[in-house]
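Peer 1: These are the residues of each chain, in order.
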Amino acid sequence: MSLEYVIKGENIEKKFKGFTLAIPEFKIPKGFATALIGENGAGKSTLMNILAGIRLDAKGTIRYFDEYDQVERENANQKERIGYVGPGHYYLPHWTVKQVEEVSGIMFEGFHKDKFESLCQELAVYGTGGFDKAKKVSSFSDGTKMKLMLANVLARDTEALILDEPASPLDPLMREKLCEMIQSYIEEGNGERSVFFSTHNVSDMENITDYAIIMEHGKIVEEGFVVDLKEKYILVKGDAEDKAKAKEVLYTMTANNYGFEGICLAENLDKLAGMNITKEIPSLYQISVAVMKANSMMGR
Amino acid sequence: MLKAWRSYWAFTNDLYKLMMLVVVPVALIATNIYLVARGHGDGLLTLFALYFIDTVSDLFFMNGFYRKSNSSLEFLQSSPKFARFVKEITIIDIVRRVLVYQIPFVVELIGAADSAEKLQWCKGNAFWPWLAILIAQLVVFVARHFVVWSQMYACIVAGYMVLMFCFLLIIIVGSGSPVITNLVLIVLILVMSMVTVWYTNKKVRESYYDS
Amino acid sequence: MRILQNSGVPIYQQIAEQMKADILAGKMKQGDYLPSIRSLAKELKISVITTMKAYELLEAEGLVTAAQGKGFYVNAQDSEMLREQHLRKVEDALQEAIAAAKIAGISEAELKQTLEALLSMEE
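Chains as they are written, first to last, in the working numbering: chain A, 453 to 752; chain B, 4 to 214; chain C, -15 to 107.
Be aware that one or more of the hints could be misleading.
[To be verified] To list a few chain A residues with every Cβ distance to chain C over 12 Å, as calculated:
| # | residue |
| --- | --- |
| 1 | P476 |
| 2 | N492 |
| 3 | T498 |
| 4 | P539 |
[To be verified] Example chain B residues on the side facing chain A (calculated, C-beta under 8 Å, incomplete):
| # | residue |
| --- | --- |
| 5 | K20 |
| 6 | S81 |
| 7 | K84 |
| 8 | S196 |
| 9 | Y211 |
[Said to hold, decoys possible] In silico DSS-like cross-links for lysine-lysine, where the CA-CA straight-line distance does not exceed 27 Å:
| # | chain 1 | residue 1 | chain 2 | residue 2 |
| --- | --- | --- | --- | --- |
| 10 | A | K731 | C | K29 |
| 11 | A | K585 | B | K6 |
| 12 | C | K29 | C | K11 |
| 13 | B | K206 | A | K469 |
| 14 | A | K588 | B | K84 |
For the record, the hints were derived by calculation from the structure and aren't laboratory data.
Nothing here was measured: the structure is a model prediction, and the numbers come from that model.
We treat Cβ as the ideally placed atom computed from N, Cα and C, and that holds for glycine.
Please model the entire structure based on the sequences and the hints provided.
Peer 2: What follows is the structure, given as structure tokens:
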């Protein structure tokens, strides 16, 4: 499988007080949905801000669509081709939905007003109150604000989406819808469109995740295609008496009086020979938790 | 210029437009006519109104758009046209201030000049109120990058300093012919406008970096 | 097509097997194009990489061929080759049974008996 990359980064570094984001190599495969997973404070948002070009104070080189370099990041056209959605202060709070629509038309060439309006209807941005474009953005709940932002980026002609925690403020029904929208976006792109999103709701997003990047303390600790990760890590369950022996072999383990459960690297599976264990394919959620646990400072 | 107006129109909300383009100038003109008719007014009221109204309106209606610590820019920053957009609305904002504050200021000055001999000069030098307003608004722009409450003090202190500077200018330049004086004023107006746009743009670009 | 999330069989393998069954049963004919990778992913609500891997598996087995930029189409099914493939599968399974029998100390005669018993049960 020959891969192309939509964004490639090298030696990305950004220092804060007591925290350093340091990523020697970074790649987002083209034509796929890539998930960025990690603890709070792992540096996910900082990384996404850097990639979206709304934070330009990081070191390193970033290349977009194999065309634009970081030098051009501030005003280059790649921003026209990337849709960014963030959980922070995205719009000016005094704006109304109408202003969002008008400013979008000015700020982005490929913004379609009619598409924006139909998306707002589809996502029920206006709620049950009917079509009210005079509503202020600051009066919206986090969930509604997220819907508005999604409608906004999806109404544009883009080739990549950078979505920072899109699922968090949404209810289960909307999360399902979000997954559908991401899949439609990628399908319509026919290999030319990519989505990069960060999430804590790994289970909800697992079915659409092609590639996963797991971060801890400003570093990437694991990455790969989900199908490959599911072969690299194996979920094993065993009896209580093998607990101590298993602990030495397993990548992460939880045990109680009745038995143990843990994630084992496939290459170490032989070392469990002779134990009465069952093997399962772990979910991406289980893999993520294991990798995060193994690399976390929490409780150390 | 039409595009810039379009940007400005989209960027500001209806309440802001109503307040800043209609209510404030009408109220200021009415107040000034009233004061002048009573023999008061000294050219300070409009300038202080400008400091106060523009600082408050920026914080209140625009979430302190020009503040360095403004954190609500992510959407705009994600566009390749961010810098151009800000430049456009800054220029229109300058034009707006001149248009809106010019008439009340002139009304006030004419009234003041009639009562005070030393301001007689203003009548022959049409561009002077324009310059005063531009200087005043640069002060507003710079002061915006201070903390909210110190902004008010900074505006008042800076306001006096600007006026003193203007009076000094009147004494130095005003002794020459009105033609030269007006030319000097036009140059100063251009410089002030450019400095304001440049300064705002610089501050906006800083928003891409750590504050 | 049915996909079981926790069956122990990777999803891409489930898809490949069901497609293979469709092809072998003649539901998909020679030259037919498989649904595009991304539309199948969307349809089944699974990731793109999963369908991609399923198709790659089918390609490796010689059932389909990838056409540059056009997707995957079904190959002519060589019945001789298919028989060969199935035979190999049978051999593999029997080999495994023999190995297990050795570990358990089951004699050759006993093993044959077991096979015959199982065959008669099938009938």
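Peer 1: Hint by hint, which ones does the structure fall short of?
Peer 2: Hints 5 and 8 are the ones this structure does not satisfy, whereas the remaining hints hold.
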